[in-house]
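Number of protein chains: 2
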Amino acid sequence: MAQVTLGLIGLGTVGTGVVRLLRENGDLIEKKTGIRFRLKRIADRGIREFREFALDGYELSESADAVLDDPEIEIAIELIGGYEPARTYLLQAIERGKHVVTANKALLARFGGEIFALADQVGVEVGFEGSVAGTVPIIRVLQDGLAANRIEKVAGIVNGTTNYILTKMTEEGLDYEPALAQATAAGFAEADPTLDVDGEDAAHKLAILATLAFGVRPEAKDIHVEGIRGLGQEDIRFARESGYVLKLLAIGRKTNGHVELRVHPALVPKTHPLASVRNEFNAVFVRGDASRETMYYGRGAGQMPTASAVLSDIIEIAERSLHDCRRPECRAAVRARKRSLYWSSDRFRPVDGIRSRYYLRFPIVDAPGAIGTLTTILGRHGVSIAAVHASIVDASANKGRIEILTHEALESAVKESCLEIGRTGILREKERLIRVEE
Amino acid sequence: MAQVTLGLIGLGTVGTGVVRLLRENGDLIEKKTGIRFRLKRIADRGIREFREFALDGYELSESADAVLDDPEIEIAIELIGGYEPARTYLLQAIERGKHVVTANKALLARFGGEIFALADQVGVEVGFEGSVAGTVPIIRVLQDGLAANRIEKVAGIVNGTTNYILTKMTEEGLDYEPALAQATAAGFAEADPTLDVDGEDAAHKLAILATLAFGVRPEAKDIHVEGIRGLGQEDIRFARESGYVLKLLAIGRKTNGHVELRVHPALVPKTHPLASVRNEFNAVFVRGDASRETMYYGRGAGQMPTASAVLSDIIEIAERSLHDCRRPECRAAVRARKRSLYWSSDRFRPVDGIRSRYYLRFPIVDAPGAIGTLTTILGRHGVSIAAVHASIVDASANKGRIEILTHEALESAVKESCLEIGRTGILREKERLIRVEE
Chain S
1 MAQVTLGLIG LGTVGTGVVR LLRENGDLIE KKTGIRFRLK RIADRGIREF REFALDGYEL
61 SESADAVLDD PEIEIAIELI GGYEPARTYL LQAIERGKHV VTANKALLAR FGGEIFALAD
121 QVGVEVGFEG SVAGTVPIIR VLQDGLAANR IEKVAGIVNG TTNYILTKMT EEGLDYEPAL
181 AQATAAGFAE ADPTLDVDGE DAAHKLAILA TLAFGVRPEA KDIHVEGIRG LGQEDIRFAR
241 ESGYVLKLLA IGRKTNGHVE LRVHPALVPK THPLASVRNE FNAVFVRGDA SRETMYYGRG
301 AGQMPTASAV LSDIIEIAER SLHDCRRPEC RAAVRARKRS LYWSSDRFRP VDGIRSRYYL
361 RFPIVDAPGA IGTLTTILGR HGVSIAAVHA SIVDASANKG RIEILTHEAL ESAVKESCLE
421 IGRTGILREK ERLIRVEE
Chain E
439 MAQVTLGLIG LGTVGTGVVR LLRENGDLIE KKTGIRFRLK RIADRGIREF REFALDGYEL
499 SESADAVLDD PEIEIAIELI GGYEPARTYL LQAIERGKHV VTANKALLAR FGGEIFALAD
559 QVGVEVGFEG SVAGTVPIIR VLQDGLAANR IEKVAGIVNG TTNYILTKMT EEGLDYEPAL
619 AQATAAGFAE ADPTLDVDGE DAAHKLAILA TLAFGVRPEA KDIHVEGIRG LGQEDIRFAR
679 ESGYVLKLLA IGRKTNGHVE LRVHPALVPK THPLASVRNE FNAVFVRGDA SRETMYYGRG
739 AGQMPTASAV LSDIIEIAER SLHDCRRPEC RAAVRARKRS LYWSSDRFRP VDGIRSRYYL
799 RFPIVDAPGA IGTLTTILGR HGVSIAAVHA SIVDASANKG RIEILTHEAL ESAVKESCLE
859 IGRTGILREK ERLIRVEE
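Same order as they appear, the protein sequences are chains S and E. So in the numbering used here, spot 401 of the first sequence is number 401, and the numbers just go up one at a time. So in the numbering used here, spot 275 of the second sequence is number 713, and the numbers just go up one at a time.
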């Protein structure tokens, strides 16, 4: 019987889930894989306060060094989150020849290059299936399942908090603030939800997806990010009336040798598979040149779903580590595959250069000729109109509203039109712009 | 540079797709994997009539022996379909030490045991990702992505023809026959659609899924199969009015140490992710004890989507075959994993023993007290009623209809109730029974 020895750093929610899963399903995993997984050491600063279940049979410590210094441990599992000391622990584990498994998307989005390069040099593996969309096996799908494809597009609902908020706004008619309060009460939003609602968490995950899908290495500046603050029932109403659902999407698309990466609210047609992804669920839609449209759906967070993803990494790395790679062809292939993480030399396309359909809502001072003024300006910038709808918001206060759905147009042309419309003085407030994702 | 040599048997639709994909994306695949895939030989009885593109650079033959006899070929790809001679070719390739890749679900459902046992004995791999749900990587998900889970349920839309027909019946109000004609015209149904519409094709795929999910080895008799013939607009109407969508599902479920396997039309709630799987698309919903609900969606058939799945097998097997497995621990693990394909000793539960909710429609002779008669009989068999609706179909002809939605009940109790109701003489025609899948 093959045995692989593990060490865990970080006994928080997900770490506890990994211990539980190894205890509860260890026999089953052994039956399926032929490998006995032995969790030898657990390190956590607060390990003395742990009360969920008895930790008999594990060597416990408050310091990560106990795991890092133990040569018997073949795979180190980092589940403390954040940049430091997680980064230092991962690098140290790799330096000492251990394979590592992590679910730390912020760390990989920012320091992935450094971590993968060191692992490549030392010859160990980095598992990170749990870092994007929890239990959804999107890392493996992009690396293996769709390996023969030229990936054209990824579009993901990769943040459960914002999807939960938008679902409540859509299905229960809540405004943003009460919907956020519900998400917090239900345990789907952090005490400080900034990273989620402003789209930064989704951008971290998009950076990882973009590397796997397009072979590029984006920095923060290469990703256009808009969050969901400020979305309201007027946006939800338009979506509903027009056959769309409002979602926060992380989109990566490759066109004409340029990769565009953006996180923003988007109108998704009701019949699109992403439209039915509700509440805290995540999903990633991927289109390859051969596979065509595919989608992967599941829980993006939570103790056991994320633990399931972490275990899938551990099992895969363990299976591979039992094999030898001594023949020169094997070493060449492994080196090539590792180096090839960033195989593309494509440039990034800034958001002003993208083409999309747009929903534009102009809150106007109700003046004769307003529709004409608006549509003329859009037309002059080459923005073609698919539908226009004018309505009176408050006749006594002279308030109106013009809503426009454009055909596909260049983003810079749309934005320039909006600036010019603003200068005419017919707007009461700034216009709303939401991209449509077909 | 590592190189792996391939031989293809069968240059039909999917075979042609594999050749195209290797030609068009070979450089990209090499960049991603570090492996050069060399397709050396193509065998097809009608190879002389092939006109789609020039086959320069391949050694062509009409006989499969050219592939089977060539010791340089490491992976043999079987894409001729059917039982024979596909089975013989696969077994011969394995005997000669070649890894094999196939998309032949009928063959695997019936002769999988024999094929896997021989491969295990010889020590080669069998790739079959393309055999279920085309491009959807469901084989790999069950084997690897969810490996740490106790799988509780799989529920798949795994037949594109029937899903296309049911979509047209639902969205365009067509009856069964014109919807089938449309599927044929659109190229989604075979000239003889029997295997599809009667559910046999879905049952083949369910047999494969059940082995991976539950470790069992079902025979045809262990799977309850109902097709979609005879479904009509009355069923579609009820589904629509009650918040359901009618789908042909392949369901595998494990409860109390028994595995139930069944293919039949089912009412799926509109908000369930399977409900949004339209037209020729496939999807498999999987619930694990840790992962909870997940779903995988994509094209279930078609030249390039299936070729994409076949290539994913080829790439994975090639990567593994470059590694050595000489250490005793490695050999033990591989042997255990291969043997463990059928690791469960669970029994199968016959369909009469399942518990489900049911939609029942009774076409009745409109007689006073009919509702009372019906509901009393159901109650006596322990079938509890969630909703009942009686309506007049044709007053002059004295025709009525009673529709009932039950709470969860034992299937045998429901069927016995229906038999007893039939004996009262109040039915004009046989009742309709459709299971509800929450």
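Treat the hints loosely; a few may be bogus.
[As the list claims (entries may be wrong)] Some chain E residues flagged as far from chain S (calculated, every beta-carbon gap over 12 Å):
(1) Lys478
(2) Asn587
(3) Thr732
[As the list claims (entries may be wrong)] When the alpha-carbon atoms are kept at most 30 Å apart in a straight line, the in silico DSS-like pairs for lysine-lysine are as follows:
(4) E:Lys868 / S:Lys270
(5) S:Lys270 / E:Lys853
(6) E:Lys708 / S:Lys153
(7) E:Lys708 / S:Lys31
[To be verified] Partner residues aside, some chain S positions facing chain E, computed with beta carbon under 7 Å:
(8) Asn25
(9) Gly26
(10) Asp27
(11) Ala290
(12) Ser291
(13) Thr294
(14) Met295
(15) Tyr296
(16) Tyr297
(17) Gly298
(18) Arg299
(19) Pro305
(20) Cys330
(21) Trp343
(22) Arg347
(23) Val351
It is worth saying that the hints were derived from the structure and are not from the lab. Computed from a predicted model, the values in this text were never measured in an experiment. We put the CB at the ideal spot given by N, CA and C, even for glycine.
Comparing the hints with the structure gives:
1. The claim that lysine 478 (chain E) lies off the interface holds: its Cβ sits roughly 17 Å from the closest Cβ of chain S, which is beyond the 12 Å cut-off.
2. For asparagine 587 (chain E), the non-interface assignment is contradicted: its Cβ lies about 6 Å from the closest Cβ of chain S, within the 12 Å cut-off.
3. Distance to chain S contradicts threonine 732 (chain E) as a non-interface residue, since its nearest Cβ pair spans about 4 Å, not more than 12 Å.
4. Proposed proximity of lysine 868 (chain E) and lysine 270 (chain S) is contradicted: the alpha carbons are some 37 Å apart, above 30 Å.
5. For the hint pairing lysine 270 (chain S) with lysine 853 (chain E), the CA-to-CA distance comes to about 38 Å; that exceeds 30 Å, so the pair is violated.
6. Distance check on the hinted pair: lysine 708 (chain E) and lysine 153 (chain S) sit about 27 Å apart at the alpha-carbon level, within 30 Å; holds.
7. Proximity of lysine 708 (chain E) to lysine 31 (chain S) is assessed by CA-CA distance (about 38 Å); at most 30 Å being required, the pair is judged violated.
8. Taking 7 Å as the C-beta cut-off, the interface hint given for asparagine 25 (chain S) holds, the closest approach to chain E being about 6 Å.
9. Of the supplied interface hints, the one on glycine 26 (chain S) is violated, with its beta-carbon coming no nearer than about 9 Å to a beta-carbon of chain E, more than 7 Å.
10. This hint is violated: aspartate 27 (chain S) has a C-beta 10 Å from the nearest C-beta of chain E, more than the 7 Å allowed.
11. Taking 7 Å as the C-beta contact cut-off toward chain E, the hint placing alanine 290 (chain S) at the interface holds, the least distance being around 4 Å.
12. With a least beta-carbon distance of about 4 Å to chain E, the hint placing serine 291 (chain S) at the interface is held under the 7 Å criterion.
13. The beta carbon of threonine 294 (chain S) is positioned within 7 Å of a beta carbon in chain E (closest approach about 4 Å), and the interface hint is therefore held.
14. Checking methionine 295 (chain S) against chain E by beta carbon gives a least distance of about 4 Å; that is within 7 Å, so the hint holds.
15. Because the closest C-beta pair between tyrosine 296 (chain S) and chain E is about 6 Å apart, less than 7 Å, the hint holds.
16. With a cut of 7 Å, the hint placing tyrosine 297 (chain S) at the interface with chain E holds, because the nearest CB-to-CB distance is about 4 Å.
17. The restraint placing glycine 298 (chain S) at the interface with chain E holds, with a minimum CB-CB distance near 4 Å, inside the 7 Å limit.
18. Checking arginine 299 (chain S) against chain E: minimum C-beta separation of about 5 Å stays under 7 Å; hint holds.
19. About 5 Å separates the beta-carbon of proline 305 (chain S) from the nearest beta-carbon of chain E, less than 7 Å, and the hint is met.
20. With its C-beta approaching chain E no nearer than about 4 Å, cysteine 330 (chain S) sits inside the 7 Å limit, and its interface hint holds.
21. Hint on tryptophan 343 (chain S) holds. Least Cβ distance to chain E is approximately 5 Å, under the 7 Å limit.
22. The closest approach between the C-beta of arginine 347 (chain S) and any C-beta of chain E is roughly 18 Å, which is over the 7 Å cut-off, so the hint fails.
23. A hinted interface residue such as valine 351 (chain S) counts as satisfied when its beta carbon comes closer than 7 Å to some beta carbon of chain E; here the least separation is about 27 Å, so the hint is violated.
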